[in-house]
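Chemist: So you can see what is in the structure, the chains are spelled out below.
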Amino acid sequence: MIRERENHTPLAEARDNIVGEGAMAAARIMLPILLALIVGGLILIALGKNPIEYYWYVIRRGLLSPTGFQATIVRMAPLLFIAAGLIVSFRAGIWNLGTDGQFLLAAAIVAALSPVLSPIMPIWLVFVVCFSVAAAVGAGWALIPAFLKANYGINEIITTLMMTFLGISFANVLIKIPFNDPSTTVPQTATLAVEDRLPRLFDTPVHIGVVLAVVAVIGVHVMMTRTSLGLKLQIVGANPRAAIHAGLKVPLLTYAAFCISGALAGLGGAVEILGVWGTMRADWNPAYGLLVVPLVFLARFHGIGSIAIVLFFAILMIGGESASRRLGVPQSYTLVLVALLLIFMALVEFLDHRWRRMKTS
Amino acid sequence: MADLLTVAFITSLLLGAVAAGVPLLLAGIGEQMSEKAGVLNIGIEGMMLFGAYTGFCAAFYLDSFWYGFLFGGLGGMAVASLMAVFCVWLNMNQIVIGIALTIGAEGLTALLHHFQFSRSYPRLSAADTLAIPGLSEIPVIGPVLFNQHAVVYLSIMFMLFLIWAYKRTYIGLNLQAAGDKPAALDVAGIDVRVTRTGAVLVTGFLTGVGGAYLANIGAGLFFPFMTGGAGFIGLVLAMLARGKPHWVLYGAILFGMSLSLTTALQVAGFNIPTDVVQMLPFAMVILVLIVLGRNSRLPAALGLPYVRGER
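Heads up: the protein sequence lines correspond to chains R and V, in order.
Taking the working numbering, the leading residue of the first sequence gets 28, the next gets one more, and so forth.
Taking the working numbering, the leading residue of the second sequence gets 583, the next gets one more, and so forth.
There could be a bad hint or two in this list.
Calculated pairs, SDA-like style, for lysine to any residue (alpha carbon to alpha carbon, straight line, at most 25 Å) [to be verified]:
| hint | chain 1 | residue 1 | chain 2 | residue 2 |
| --- | --- | --- | --- | --- |
| 1 | R | 276 | V | 872 |
| 2 | R | 203 | V | 859 |
| 3 | V | 826 | V | 740 |
| 4 | R | 203 | V | 826 |
Residues from chain V that keep clear of chain R, each with C-beta distances beyond 10 Å, as calculated [unchecked claim]:
| hint | residue |
| --- | --- |
| 5 | 622 |
| 6 | 649 |
| 7 | 668 |
| 8 | 682 |
| 9 | 697 |
| 10 | 861 |
Where chain R lies over chain V, by a calculated footprint (3+ residues, C-beta under 8 Å) [said to hold, decoys possible]:
| hint | stretch |
| --- | --- |
| 11 | 802-816 |
| 12 | 862-870 |
These are calculated hints, taken from the structure and not from any lab test.
Where is the CB? At the ideal position from N, CA and C, for every residue including glycine.
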């Protein structure tokens with residue numbers, strides 16, 4: 028009744044809301060980024076560096092120069108796989124903070140396996156076997172936290188963190204003892220010949236793993252939003268008790284979320300080894316896992332959003348790496364930016380909530 | 583096996599265990615307090631690292647270990663105050679903010695250290711120890727366990743104090759209520775947010791002191807990312823201790839010993855990768871969890887912000 032008097036059809040109102048929502052969503056993502064860059068810039072000024080010069084250098088090296096941009100794209104592959112894994116677990120309400128262990132262990136095993144397999148089987152089969160093994164290793168490493176969560180309700184934040192420490196050490200042990208290539212001085216695995224690595228696109232360093240990673244993120248997004256498995260997982264995430272009352276097999280779904288998440292992190296490790304390094308050194312740990320967590324949060328567990336934010340972050344990373352050599356701003360500055368980004372994101376979300384509540388009441 | 587148990591081996595094992603165990607103990611009892619009050623404090627790694635940095639700087643510039651501990655504690659508290667503002671007062675997600683604070687502290691300390699010391703890592707001189715008369719004369723273990731920096735004894739005394747305080751004082755009960763049934767505490771006229779803020783700040787102080795110990799006494803220097811997950815181990819200890827401070831101590835000893843076992847074995851002439859030994863405590867804990875399958879008992883309202891009148 029009221030609506031008619033105000034000459035608003037429900038449809039028009041919905042459309043207005045969607046337009047408003049879209050602008051709001053963009054603002055919710057752009058505002059924290061802007062604020063983080065500004066506060067980060069102030070920190071640079073405090074340290075006696077010129078922020079404009081730094082940011083411009085990062086953009087030039089990470090985005091505008093062809094080699095830099097290719098490096099950025101290559102860097103996205105492992106990050107995107109981890110992001111895909113995190114989207115599944117976070118949407119299912121499971122805090123898988125153990126992606127680093129899953130990633131590294133799969134990387135170590137793939138690094139040891141691929142040079143052994145490449146002389147005895149066709150190259151495509153090597154990739155298929157390696158990817159399957161990596162997924163199985165990642166999923167397997169997530170099984171214990173899944174078991175403890177599903178059967179005893181033990182908090183997965185703690186168990187996945189423990190498994191990640193265990194996995195990092197275990198990967199190192201594997202590389203130092205059984206997988207060690209005796210012909211090298213530093214402990215590392217045998218090296219996969221360059222021509223046996225993942226095929227490259229258009230004669231650039233960009234390998235096919237990047238495409239696979241993008242497909243993985245989109246696939247996960249579709250799975251979570253358009254399939255019944257995804258819906259079930261989201262229900263478990265939103266309200267486990269309601270999920271039990273709805274007759275869902277919550278323990279089974281918990282296992283599924285953990286394993287899919289671990290498998291994707293494991294694939295990230297495989298792509299990084301097969302596409303970029305061809306070998307794994309002992310004590311190599313890029314620690315992408317905890318870094319991707321904030322990015323996935325910033326994208327609010329949305330697939331496409333995650334791709335955009337991972338791209339942004341990869342530019343910062345690659346540009347930051349070269350800025351650390353040229354401008355004398357250490358790489359750790361990128362970490363500060365990510366932390367600021369997270370804090371401002373949380374702050375913007377909080378203000379947004381409060382604003383909405385004021386509007387409705 | 584017999585030649586393993588030499589004085590040199592036992593001495594280096596115990597010394598290493600204390601050096602690695604004290605930060606874990608402090609982080610563990612700190613985290614335990616936050617968790618009792620209902621705040622899951624993932625930022626503890628960042629608090630420890632920042633405490634290590636501020637503590638080292640204070641000890642380095644003011645040339646005093648006590649200032650080192652004080653400023654280490656205050657540094658940890660500064661990070662904790664951010665946690666309190668965002669998670670207790672603004673009800674933000676404790677996991678996101680915790681991870682942000684950890685990443686931020688990692689980045690900021692590495693950045694500041696770079697601009698301050700460039701690539702040099704200045705060392706502190708060895709700290710004065712306090713020998714406890716009588717006990718320190720016990721052969722082999724005496725000079726190691728009872729001839730430590732005074733802050734080691736203070737940490738253990740504080741742990742004992744907490745055992746008493748949690749059971750016998752209103753503060754202890756208030757903390758427990760803030761984590762288990764915040765609404766009841768509110769009805770009793772005690773501000774849940776103030777209680778939680780206090781707990782988080784004390785956590786930050788304790789963890790920061792732990793970080794300062796790690797840098798100033800354990801290592802004698804500060805280097806970026808030096809905590810390397812020690813704060814997270816504190817988190818694990820708190821979770822396994824099920825609210826009992828003395829269990830944190832046992833856990834800290836266990837983890838501390840296995841962290842120092844590699845060095846001790848190297849002293850004894852065995853050369854095995856550090857990683858093998860580092861896996862032991864985690865593998866053991868996971869095994870215990872699987873076999874016993876006990877639910878680590880956690881406060882009911884852990885991780886949930888308290889909003890008055892909301893159910």
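Chemist: Which numbered hints does this structure break?
Modeler: Violated: hints 4, 5, 7, 8, 9 and 10.
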